[in-house]
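Each chain is listed here by its residues.
Protein chains: 2
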Amino acid sequence: MFKDFKLIAGRPVSIQVKDYMKHLIIKSALQGGQKLPSTRELSTLLKVSRNSVISAYEGLEDDGFAYTVQGQGSYVAQGAAAQNGAEAALWMLDWTERLSSQALLAEELDIMKRGIRAEKGTISFTSIAPDERLFDLDHVRRAFLERMSVEGNVLLNYGYAKGYKPLIDYLKQYMEHKGVDLRGKDLLITNGFTEGFDLVLSALGKRHGTVVCENPTHHTAIKNLKLHGFGIHGVKMERDGIHLGELKQALEARPYDCAYLVPSYHNPTGIVMSPEKRQRLMKLMQDYNVPVIEDGFNEELRYSGAHVAPLIAAAGGGNGVVYLGSFSKVLFPGLRVGWVLADQELIYYLESLKRARTIHTSTLDQSILYQYLLGGNLEKYLKKARLEYKRKYELTLACCKEHIPYASLSGDGGLHLFVTFAEGFNTRELLVACHARGVIFTAGDIFFTDGAGQNTLRLGFSRVADEDIVRGIAIIGKTARQIMGE
Amino acid sequence: MFKDFKLIAGRPVSIQVKDYMKHLIIKSALQGGQKLPSTRELSTLLKVSRNSVISAYEGLEDDGFAYTVQGQGSYVAQGAAAQNGAEAALWMLDWTERLSSQALLAEELDIMKRGIRAEKGTISFTSIAPDERLFDLDHVRRAFLERMSVEGNVLLNYGYAKGYKPLIDYLKQYMEHKGVDLRGKDLLITNGFTEGFDLVLSALGKRHGTVVCENPTHHTAIKNLKLHGFGIHGVKMERDGIHLGELKQALEARPYDCAYLVPSYHNPTGIVMSPEKRQRLMKLMQDYNVPVIEDGFNEELRYSGAHVAPLIAAAGGGNGVVYLGSFSKVLFPGLRVGWVLADQELIYYLESLKRARTIHTSTLDQSILYQYLLGGNLEKYLKKARLEYKRKYELTLACCKEHIPYASLSGDGGLHLFVTFAEGFNTRELLVACHARGVIFTAGDIFFTDGAGQNTLRLGFSRVADEDIVRGIAIIGKTARQIMGE
Numbered sequence: 001m002f003k004d005f006k007l008i009a010g011r012p013v014s015i016q017v018k019d020y021m022k023h024l025i026i027k028s029a030l031q032g033g034q035k036l037p038s039t040r041e042l043s044t045l046l047k048v049s050r051n052s053v054i055s056a057y058e059g060l061e062d063d064g065f066a067y068t069v070q071g072q073g074s075y076v077a078q079g080a081a082a083q084n085g086a087e088a089a090l091w092m093l094d095w096t097e098r099l100s101s102q103a104l105l106a107e108e109l110d111i112m113k114r115g116i117r118a119e120k121g122t123i124s125f126t127s128i129a130p131d132e133r134l135f136d137l138d139h140v141r142r143a144f145l146e147r148m149s150v151e152g153n154v155l156l157n158y159g160y161a162k163g164y165k166p167l168i169d170y171l172k173q174y175m176e177h178k179g180v181d182l183r184g185k186d187l188l189i190t191n192g193f194t195e196g197f198d199l200v201l202s203a204l205g206k207r208h209g210t211v212v213c214e215n216p217t218h219h220t221a222i223k224n225l226k227l228h229g230f231g232i233h234g235v236k237m238e239r240d241g242i243h244l245g246e247l248k249q250a251l252e253a254r255p256y257d258c259a260y261l262v263p264s265y266h267n268p269t270g271i272v273m274s275p276e277k278r279q280r281l282m283k284l285m286q287d288y289n290v291p292v293i294e295d296g297f298n299e300e301l302r303y304s305g306a307h308v309a310p311l312i313a314a315a316g317g318g319n320g321v322v323y324l325g326s327f328s329k330v331l332f333p334g335l336r337v338g339w340v341l342a343d344q345e346l347i348y349y350l351e352s353l354k355r356a357r358t359i360h361t362s363t364l365d366q367s368i369l370y371q372y373l374l375g376g377n378l379e380k381y382l383k384k385a386r387l388e389y390k391r392k393y394e395l396t397l398a399c400c401k402e403h404i405p406y407a408s409l410s411g412d413g414g415l416h417l418f419v420t421f422a423e424g425f426n427t428r429e430l431l432v433a434c435h436a437r438g439v440i441f442t443a444g445d446i447f448f449t450d451g452a453g454q455n456t457l458r459l460g461f462s463r464v465a466d467e468d469i470v471r472g473i474a475i476i477g478k479t480a481r482q483i484m485g486e
Numbered sequence: 001m002f003k004d005f006k007l008i009a010g011r012p013v014s015i016q017v018k019d020y021m022k023h024l025i026i027k028s029a030l031q032g033g034q035k036l037p038s039t040r041e042l043s044t045l046l047k048v049s050r051n052s053v054i055s056a057y058e059g060l061e062d063d064g065f066a067y068t069v070q071g072q073g074s075y076v077a078q079g080a081a082a083q084n085g086a087e088a089a090l091w092m093l094d095w096t097e098r099l100s101s102q103a104l105l106a107e108e109l110d111i112m113k114r115g116i117r118a119e120k121g122t123i124s125f126t127s128i129a130p131d132e133r134l135f136d137l138d139h140v141r142r143a144f145l146e147r148m149s150v151e152g153n154v155l156l157n158y159g160y161a162k163g164y165k166p167l168i169d170y171l172k173q174y175m176e177h178k179g180v181d182l183r184g185k186d187l188l189i190t191n192g193f194t195e196g197f198d199l200v201l202s203a204l205g206k207r208h209g210t211v212v213c214e215n216p217t218h219h220t221a222i223k224n225l226k227l228h229g230f231g232i233h234g235v236k237m238e239r240d241g242i243h244l245g246e247l248k249q250a251l252e253a254r255p256y257d258c259a260y261l262v263p264s265y266h267n268p269t270g271i272v273m274s275p276e277k278r279q280r281l282m283k284l285m286q287d288y289n290v291p292v293i294e295d296g297f298n299e300e301l302r303y304s305g306a307h308v309a310p311l312i313a314a315a316g317g318g319n320g321v322v323y324l325g326s327f328s329k330v331l332f333p334g335l336r337v338g339w340v341l342a343d344q345e346l347i348y349y350l351e352s353l354k355r356a357r358t359i360h361t362s363t364l365d366q367s368i369l370y371q372y373l374l375g376g377n378l379e380k381y382l383k384k385a386r387l388e389y390k391r392k393y394e395l396t397l398a399c400c401k402e403h404i405p406y407a408s409l410s411g412d413g414g415l416h417l418f419v420t421f422a423e424g425f426n427t428r429e430l431l432v433a434c435h436a437r438g439v440i441f442t443a444g445d446i447f448f449t450d451g452a453g454q455n456t457l458r459l460g461f462s463r464v465a466d467e468d469i470v471r472g473i474a475i476i477g478k479t480a481r482q483i484m485g486e
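Line by line, the protein sequences are chains A and B.
Okay, so the first sequence: first residue is 1 according to the UniProt record's numbering, each after it adds one.
Okay, so the second sequence: first residue is 1 according to the UniProt record's numbering, each after it adds one.
Bound conformation, chain A alone:
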């Protein structure tokens, strides 16, 4: 005994000695009532200072694992060992047969459990997360220290379901600067876009049971609509956004509980809906009285051109649009902060749902983000990030035009390009062949609401090095040609 004790760095020695002794007690290597080695002995055996052992024994006693007999030493407490369960028959349930249909569906639709794993060295175009090398850690560090010095105690205790007040106020002004009329509206902080979307879908009554959206669309949205039991009707995209003629037909044909739309840097096509179309779209939704969930995805990543106001701005003082915002694709997705801006009556109910689900979003995350934004760091960061992503976007575009000239491309910026091959071409087959050559991407069918899109793929370039973009797209092009030649 005491031979397998090994110190690790960064943890106090006395705690490690306590951990180790606890382990022996739990595993019944030291038994209830048994005398522990003297502190002097154990210090020699474990090659640690005697003070560490003294402190470890005190800790064991604090935790109820040992007791001291005055003048005699320390003993193992009775009943501290784990139940070995040998006597009683093991109680084993079959959990799978007790699962809800929602749990089974969540697993089935979980593409993280279905995707191809990228081995080391693989060139992967699957991610549309930001490039972490662009993060300005110094400003994040400073934002944290500043907030902690102002109100550290407050930040670490319970906050409010609606969110951290300074951040709420900041984001309201931020949205006002996108042209939003804040009258009658309110804002709720969420754990990123995903929780916001989940809460809104939970709050929305299923009067008709179906949602209308762009086809293709964000696959997480498709997943969550299905998990909430909504039927999905997708409307095809044109060069400047959703096809309004088909949307009108769809709205004429049947009622919908809401529309889910991604007007800017639409995922996966990268299309930015034109300002004119936004106006006409809003008129249409108003005519049919179908509320809109607007996904503000990547709005910040505009590389050039005029300011395009979100749909909720086009709604003016009306309350038909629920806006879901997040900086996750531009700033720090590790900080799980997003927001819902909507009619204040709706927010009032969403707040109660949020409280029941997660109480509130990490106050630390919210306060760091607030301080970072207040300090004007987003502007500096976006300047750098837009330049870099624009460069990569243009490189990716040029490579696609060179190596996949026969495919059609869409994507006005953002962090990805969408590639459409001729009808009949299968990008799943292409993916398997490319994977064998060390390149992966996202087959586009997962973005389609109707099983279509077998001839499409999404190329996320944000985290791919320049030389890998060049090499990877060349491989995709060559492999595609070979498949077509067969």
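You may find that some hints are simply not true.
Identical copies go unnamed one by one, so any copy, or any two together, can satisfy a pair.
Unchecked claim - In silico DSSO-like cross-links for lysine-lysine, where the CA-CA straight-line distance does not exceed 30 Å:
1) Lys-283 x Lys-226
2) Lys-248 x Lys-390
3) Lys-6 x Lys-162
4) Lys-248 x Lys-384
5) Lys-172 x Lys-27
6) Lys-120 x Lys-478
7) Lys-113 x Lys-162
8) Lys-226 x Lys-384
9) Lys-226 x Lys-206
10) Lys-162 x Lys-226
11) Lys-162 x Lys-248
12) Lys-165 x Lys-120
13) Lys-165 x Lys-6
14) Lys-390 x Lys-172
Honestly, the hints are just simulated from the structure, not real lab data.
Source: prediction; values computed, not measured.
Based on the hints, put chain B in the right spot on chain A.
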């Protein structure tokens, strides 16, 4: 114009100038095509440096709100103003009629929207949050800086739904030291207890539609069980925990989907279930094959006495217990971190549900907590916190014995005491009378599953100053006597 510009501290001047000009453009005080003042003029008007204005104009251009005509100056971009909506009829929906029954119920059961608001100066016994003055901010600060220097970029980008690996491993060992047999089990990080509970209830199929629990019990649990559509059967408490005879009767009478139990520092009674009862309880649940959701609430706040293993430890290698853990009542609730320890098959499905709901828990929160725990700070902190809370507990107990000697008390530690008056006494009435005298507490009926408990109340003392404990309980006692005398 330009008269109402006011600088605030902590935000770069150039950004404030940009914000201000954006505001004027959005509100159409400056119109599309209109020439902006020269940088020199504006710098004089706003009393800021010319460089700030130059940089603000650049920012406006970057954001698509202005453009430059070479040699002439800057102009307001067309279409940047907010839609004034005056022409089109406002699109107003009645959101309340579109809400789901879940949203309506969440609002109805939201006690934060029902409780008495504490005016300034009120002595409030309603909170059982930790006393933030005990927080050791220096160690939190150091944990953050250390983690950021090791892997800051990684922490700020997307993490994994299951959680931050070092924290998962740490918590597994932590649970092992509570006597848990980890074989066949796995661990999922959640946004505190509440999300963990919500996920487990989502994953649990409603085969029978009812859950058995202690009566009274944690009101958030009651709320969330109702929100998930479960019926609730409460079993009364005795001095050492749930009444096993009545539990057996309940299990005999009908099947349950699961049991929800709080064996340690039970909320609201503060009772710690005895080790013997834990064994017998587990035997019973196994006999009836009803899985247990164990709420590890406040387990860390043991003031004295032997180590009491959680129920999941008593289950040995069996998989019938789902353990929900959190440090929120002892450490920093502002960091929203909790965990679910359970059968690995169940965790596999919970992971997919978690991904669909919130993607993952803040990596920053997780990594700070990990580094804090690794550094042995929990032990140091608990030593201090236990001493302080124990002192307050004893003071509260003594005050209750003095001023409410006729009421029965329960609570073996933790952060609260539970007070039961004679049958027929109404603590809602007492609360109204005490509130008028500047003292509030939590009326106990909200913890009961069957509408009982009108004669009970919970006193949370963790955040009440000593002199207020003394004064507040004296007022409660005096007021109660007056009501009884009437």
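Does the structure break any of the earlier hints, and which numbers would those be?
Hints 2, 4, 8 and 11 not satisfied by this model.
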